[in-house]
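S.K.: Here are the chains, one letter per residue:
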Amino acid sequence: MNPPLLEIDALNITYHTDHGKLSALRGASLIARAGEVIGIVGESGCGKSTLAASVINLLPQAAEVTSGAVRYKGQDILALPPDAQRALRGQDIAMIFQDPMTAFNPVLTMGAQLVDFQHAAQISRAEKLNRARALLVRVGMPDPDLTLRRYPHQLSGGMRQRVAIAAALLMNPTILVADEPTTALDVTMEAQIIHLLRDLRRDYQGAILVITHHLGVVAELCDRVYVMYAGEVVEEALVDDLFHAPRHPYTSALIACDPGHFDEPTPILPTIPGRLPDLRNPPIGCSFAPRCPIASDICATRPPRVQISPTQSALCHKALHVGQLVTESLL
Amino acid sequence: MLTYAIKRVALAALILFVVMLAMYGMVFLVPGDPASVALGPRATPALKAMLTERMGLDQPVAVQIWRFFANAAQGDLGIDVWSKRPVLDQILEAFPQTLLLGVIALTWALILGITLGVLAVVYRGTFIDRALGLVSVSFISVPSFVVAIYLLLIFAVWLQWLPAIGAGKAGDIPSQIKALILPSIAVGIGWVGYLARMVRASMLEIMGANHIRTARAFGLPERKVVTRYALRLAIVPTISVIAVGLGSILSSAVFVETVFSRPGIGTLITGAVFKRNYPVVMGTVLVTTAFYLLVITCADLLIAKLDPRVRDALAR
Numbered sequence: 001m002n003p004p005l006l007e008i009d010a011l012n013i014t015y016h017t018d019h020g021k022l023s024a025l026r027g028a029s030l031i032a033r034a035g036e037v038i039g040i041v042g043e044s045g046c047g048k049s050t051l052a053a054s055v056i057n058l059l060p061q062a063a064e065v066t067s068g069a070v071r072y073k074g075q076d077i078l079a080l081p082p083d084a085q086r087a088l089r090g091q092d093i094a095m096i097f098q099d100p101m102t103a104f105n106p107v108l109t110m111g112a113q114l115v116d117f118q119h120a121a122q123i124s125r126a127e128k129l130n131r132a133r134a135l136l137v138r139v140g141m142p143d144p145d146l147t148l149r150r151y152p153h154q155l156s157g158g159m160r161q162r163v164a165i166a167a168a169l170l171m172n173p174t175i176l177v178a179d180e181p182t183t184a185l186d187v188t189m190e191a192q193i194i195h196l197l198r199d200l201r202r203d204y205q206g207a208i209l210v211i212t213h214h215l216g217v218v219a220e221l222c223d224r225v226y227v228m229y230a231g232e233v234v235e236e237a238l239v240d241d242l243f244h245a246p247r248h249p250y251t252s253a254l255i256a257c258d259p260g261h262f263d264e265p266t267p268i269l270p271t272i273p274g275r276l277p278d279l280r281n282p283p284i285g286c287s288f289a290p291r292c293p294i295a296s297d298i299c300a301t302r303p304p305r306v307q308i309s310p311t312q313s314a315l316c317h318k319a320l321h322v323g324q325l326v327t328e329s330l331l
Numbered sequence: 001m002l003t004y005a006i007k008r009v010a011l012a013a014l015i016l017f018v019v020m021l022a023m024y025g026m027v028f029l030v031p032g033d034p035a036s037v038a039l040g041p042r043a044t045p046a047l048k049a050m051l052t053e054r055m056g057l058d059q060p061v062a063v064q065i066w067r068f069f070a071n072a073a074q075g076d077l078g079i080d081v082w083s084k085r086p087v088l089d090q091i092l093e094a095f096p097q098t099l100l101l102g103v104i105a106l107t108w109a110l111i112l113g114i115t116l117g118v119l120a121v122v123y124r125g126t127f128i129d130r131a132l133g134l135v136s137v138s139f140i141s142v143p144s145f146v147v148a149i150y151l152l153l154i155f156a157v158w159l160q161w162l163p164a165i166g167a168g169k170a171g172d173i174p175s176q177i178k179a180l181i182l183p184s185i186a187v188g189i190g191w192v193g194y195l196a197r198m199v200r201a202s203m204l205e206i207m208g209a210n211h212i213r214t215a216r217a218f219g220l221p222e223r224k225v226v227t228r229y230a231l232r233l234a235i236v237p238t239i240s241v242i243a244v245g246l247g248s249i250l251s252s253a254v255f256v257e258t259v260f261s262r263p264g265i266g267t268l269i270t271g272a273v274f275k276r277n278y279p280v281v282m283g284t285v286l287v288t289t290a291f292y293l294l295v296i297t298c299a300d301l302l303i304a305k306l307d308p309r310v311r312d313a314l315a316r
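Chains as they are written, first to last, in the working numbering: chain A, 1 to 331; chain B, 1 to 316.
Don't read these hints as lab results, they were simulated from the structure. By construction, the Cβ of each residue, glycine as well, lies at the ideal position given by its N, Cα and C atoms. Everything hinted at is true.
Simulated restraints, written as ranges between beta carbons of each label pair:
1. A:S156 x B:T270: 57 to 65 Å
2. B:L92 x A:A87: 57 to 65 Å
3. B:R232 x A:T301: 51 to 59 Å
4. A:R149 x B:K7: 23 to 31 Å
5. B:L294 x A:A121: 40 to 48 Å
6. B:A131 x A:T301: 49 to 57 Å
7. B:T115 x A:G20: 36 to 44 Å
8. B:T3 x A:G274: 52 to 60 Å
9. A:A87 x B:L119: 21 to 29 Å
10. B:S261 x A:Q61: 46 to 54 Å
11. A:A121 x B:V122: 21 to 29 Å
12. B:T115 x A:A87: 24 to 32 Å
13. A:G274 x B:K305: 53 to 61 Å
From the derived model, a few chain A residues whose C-beta atoms are all more than 12 Å from chain B:
14. S29
15. E43
16. S67
17. R71
18. K73
19. M141
20. A191
21. Q192
22. L238
23. D240
24. D241
25. I284
26. R291
Model the full structure from these sequences, guided by the hints.
M.R.: Structure follows, in structure tokens:
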């Protein structure tokens with residue numbers, strides 16, 4: 001198997017807020033190899049965006065990495081000097097951000113920004129513009145020359161997201177991180193962007209990380225999935241195993257609650273009762289236990305990471321018995 | 001953009017028209033007629049009648065207003081009651097002096113204010129940020145004439161480095177520059193503080209924006225992120241403040257020019273008010289208002305030029 005391009009190793013990140021310290025990531029680990037599309041799913045506040053930001057160390061000022069490492073080709077990014085980190089950004093590791101409305105500078109033309117993003121390339125401005133033009137064609141922009149002259153607000157949301165994808169591909173990065181690439185778009189646009197990403201992954205050599213709360217996106221795009229809950233990776237699985245044989249009750253519940261999975265209209269849309277635990281005082285035992293339909297006394301103790309197969313593991317005392325049990329209890 | 005420019009200029013003209021009407025109305029609202037105020041309590045009725053006629057105050061109001069507008073449109077702002085010189089000539093002599101003072105004061109205030117504002121953002125939360133905040137607020141709080149008096153005391157009276165009064169010898173550029181230093185500090189210092197605070201606030205907001213994160217995510221050097229991506233945007237709201245600033249500098253010049261005995265609009269208008277020299281007062285206010293409107297209109301057009309979103313919103 002290929003050596004990992006990206007390896008996040010037991011990463012702990014704490015936010016210093018006005019209301020105390022908040023553990024956003026608690027020992028999160030992840031591996032991405034060349035050619036893989038990795039999905040990171042979870043509900044809002046589970047730490048998936050923090051995980052994405054840590055890949056290029058663009059964490060907010062209030063965030064502190066308390067332990068762990070982010071290794072890119074074996075080298076710990078977080079330990080690199082700031083300039084060396086900066087040199088990786090956009091060149092080796094590129095981001096596609098969630099909100100295409102605000103992701104670009106409003107007073108510079110798209111062309112100016114796409115040229116700026118290639119600042120590290122030793123080529124002329126005309127060549128940079130040509131490269132931008134070629135990528136705009138690649139992502140399906142009908143009139144690339146016009147797009148380059150446009151300001152961000154003159155493009156629609158879907159078009160801006162296409163430009164954002166083109167921007168991320170400018171320097172031919174080895175890792176592409178897409179942080180909720182379709183969340184801000186309407187359904188039609190979402191389908192188009194997913195289609196575009198699927199199309200791109202065919203001839204893309206590096207690794208793609210897709211952060212989303214949308215299981216449909218995961219099913220369409222990803223090879224392997226990490227499910228996050230309350231700052232922890234609770235389950236890791238191949239995409240087929242995840243949907244057909246989930247091993248963590250949270251994953252089962254997520255799938256059971258996904259509206260896309262119902263063929264017939266239902267009178268009640270199932271939800272997971274309860275709320276995320278308070279991350280200022282994370283529970284000692286299983287963090288999902290208070291909401292878990294199959295929790296018992298043992299769940300108050302620290303759950304083990306149960307290895308189901310070489311590609312699947314779950315952070316749960318009952319990982320071997322989860323399945324239909326959870327789905328039934330929710331409906 | 002062109003339609004917008006025409007609209008803005010038309011609006012400025014309308015405002016100027018209303019200001020002129022209001023100003024003319026005030027002359028009638030002030031107790032006592034201008035002639036007797038100008039001549040004082042011991043004037044003879046004959047003298048009063050003569051002055052009334054010369055000032056055109058014996059005519060019907062409509063005629064007076066018509067004359068006022070017609071003359072103003074031709075650049076005739078009336079004759080100085082005391083010196084018998086055309087008001088426009090006096091204003092044209094005084095105005096460049098004040099404008100020079102205002103522009104120089106605002107220029108260095110801008111350079112320093114924006115630099116301090118950006119520094120405060122770059123070092124936000126640190127000792128430097130807090131120190132700059134303290135300095136800025138002190139600069140804002142001290143009135144310009146107080147600064148002027150202390151500058152005079154320290155640099156002109158004690159140290160004798162710079163001239164205390166006047167605008168320098170005519171034709172002698174170095175002496176004119178020297179004479180500008182203290183007044184321009186007095187006028188500009190409050191603006192340094194104000195601009196620093198303003199740039200800091202608007203930069204802080206912008207530095208947290210998603211597009212700044214994008215620029216960083218593409219590894220752009222921090223210097224470029226701050227200047228090209230943040231400052232360019234932070235400057236836009238500052239422009240309208242600067243425009244208003246240039247207007248209010250004309251009024252704070254009244255104090256500063258008095259303290260430093262510099263010729264200028266401030267000196268002209270205070271002298272005229274003390275002598276009840278209405279044509280000069282009105283002419284000065286009119287020219288100042290017109291200038292102010294010109295600056296604000298230019299600022300609006302500049303903002304539309306710098307911010308494509310404003311431009312497009314106006315085109316619709």
